[in-house]
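*Asks:* Sequence:
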Amino acid sequence: APPNIAGSTSVVTATSQNPEGAFLMLAFLTTSSIMAMNEANANGVAPGYKSVLTNEKLRTVSQPMKVWSDSLDHAWCSPRLPGMFEMEQALGNEINRAITGQITGKEALENGQVAWKAIMAKNGFGTDKAPVKYADVKAGTYVGAGKALPF
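FYI, the numbering used here numbers position 60 of the sequence shown as 60, with every residue one higher than the one before it.
Worth flagging that the hints you see were computed from the coordinates, not collected in a lab. Even glycine gets a Cβ: it sits at the ideal position worked out from N, Cα and C. Check the hints yourself; a few may be wrong.
Here are the simulated DSS-like cross-link-like pairs (lysine-lysine), alpha carbons at most 27 angstroms apart as the crow flies [unchecked claim]:
hint: 1; residue 1: 129; residue 2: 117
hint: 2; residue 1: 106; residue 2: 129
hint: 3; residue 1: 66; residue 2: 129
hint: 4; residue 1: 117; residue 2: 106
hint: 5; residue 1: 66; residue 2: 50
hint: 6; residue 1: 122; residue 2: 133
hint: 7; residue 1: 122; residue 2: 106
hint: 8; residue 1: 50; residue 2: 129
Cβ-Cβ distance ranges computed for the label pairs, FRET-style [stated by the list, open to error]:
hint: 9; residue 1: 72; residue 2: 25; range: 22 to 30 angstroms
hint: 10; residue 1: 10; residue 2: 64; range: 40 to 48 angstroms
hint: 11; residue 1: 104; residue 2: 73; range: 19 to 27 angstroms
hint: 12; residue 1: 26; residue 2: 67; range: 38 to 46 angstroms
hint: 13; residue 1: 100; residue 2: 21; range: 21 to 29 angstroms
hint: 14; residue 1: 17; residue 2: 146; range: 13 to 21 angstroms
hint: 15; residue 1: 23; residue 2: 114; range: 40 to 48 angstroms
hint: 16; residue 1: 105; residue 2: 126; range: 22 to 30 angstroms
hint: 17; residue 1: 30; residue 2: 64; range: 15 to 23 angstroms
hint: 18; residue 1: 33; residue 2: 11; range: 20 to 28 angstroms
hint: 19; residue 1: 130; residue 2: 22; range: 38 to 46 angstroms
Can you build the whole structure from these sequences, using the hints too?
*Replies:* This is how it looks when you write it as structure tokens:
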């Protein structure tokens with residue numbers, strides 16, 4: 001399956017009382033027009049389609065769109081790692097502080113880097129017992145420049 005770049009995963013569970021209705025609702029919510037409206041209203045979830053990320057009208061009301069779209073050329077699908085949720089939270093909080101003008105973008109990245117190093121060290125990275133060796137998984141996770149995007 002293609003990587004989920006929208007930041008969340010939606011499913012229709014096996015116990016759904018109305019699976020067809022649930023599927024149709026998910027289909028509606030994941031149309032490019034609804035994704036663009038959600039982003040324009042700053043719902044906090046990046047759109048899952050490149051066509052939405054490159055939408056010039058949306059870029060006029062959402063400054064992160066250009067950054068997210070341009071960064072896809074260097075994207076990779078991160079394997080789930082010990083501490084990854086905590087790392088995403090730490091960096092996300094710093095980015096939010098930058099977007100709201102509390103700190104600069106550079107400060108957000110520096111703060112995020114410090115937090116990530118501490119979280120990774122706490123989870124065994126940087127030792128000979130690291131839980132994952134990136135060299136072993138790179139080929140299957142990299143979707144950046146020079147490799148066709150799966151969406």
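*Asks:* Next, verify each hint and record whether it holds.
*Replies:* Results of checking the hints against the structure:
1. 129 with 117: holds (16 angstroms)
2. 106 with 129: violated (32 angstroms)
3. 66 with 129: violated (39 angstroms)
4. 117 with 106: Within the cut-off at roughly 17 angstroms; holds.
5. 66 with 50: holds (11 angstroms)
6. 122 with 133: OK: residue 122 and residue 133 at ~16 angstroms, within 27 angstroms.
7. 122 with 106: holds (24 angstroms)
8. 50 with 129: Judged against 27 angstroms, a Cα distance of about 38 angstroms means the pair is violated.
9. 72 with 25: 22 to 30 angstroms: Given range 22 to 30 angstroms: holds, Cβ gap about 27 angstroms.
10. 10 with 64: 40 to 48 angstroms: About 22 angstroms separates the Cβ atoms of residue 10 and residue 64, which means 40 to 48 angstroms is violated.
11. 104 with 73: 19 to 27 angstroms: holds (24 angstroms)
12. 26 with 67: 38 to 46 angstroms: violated (27 angstroms)
13. 100 with 21: 21 to 29 angstroms: For residue 100 and residue 21 the Cβ distance comes to about 38 angstroms; the hint is violated.
14. 17 with 146: 13 to 21 angstroms: Hint violated: Cβ distance 46 angstroms, outside 13 to 21 angstroms.
15. 23 with 114: 40 to 48 angstroms: Hint holds: Cβ distance 43 angstroms, inside 40 to 48 angstroms.
16. 105 with 126: 22 to 30 angstroms: holds (26 angstroms)
17. 30 with 64: 15 to 23 angstroms: Check passed, 19 angstroms falls within 15 to 23 angstroms.
18. 33 with 11: 20 to 28 angstroms: Holds, at about 22 angstroms.
19. 130 with 22: 38 to 46 angstroms: At 40 angstroms between Cβs, range holds.
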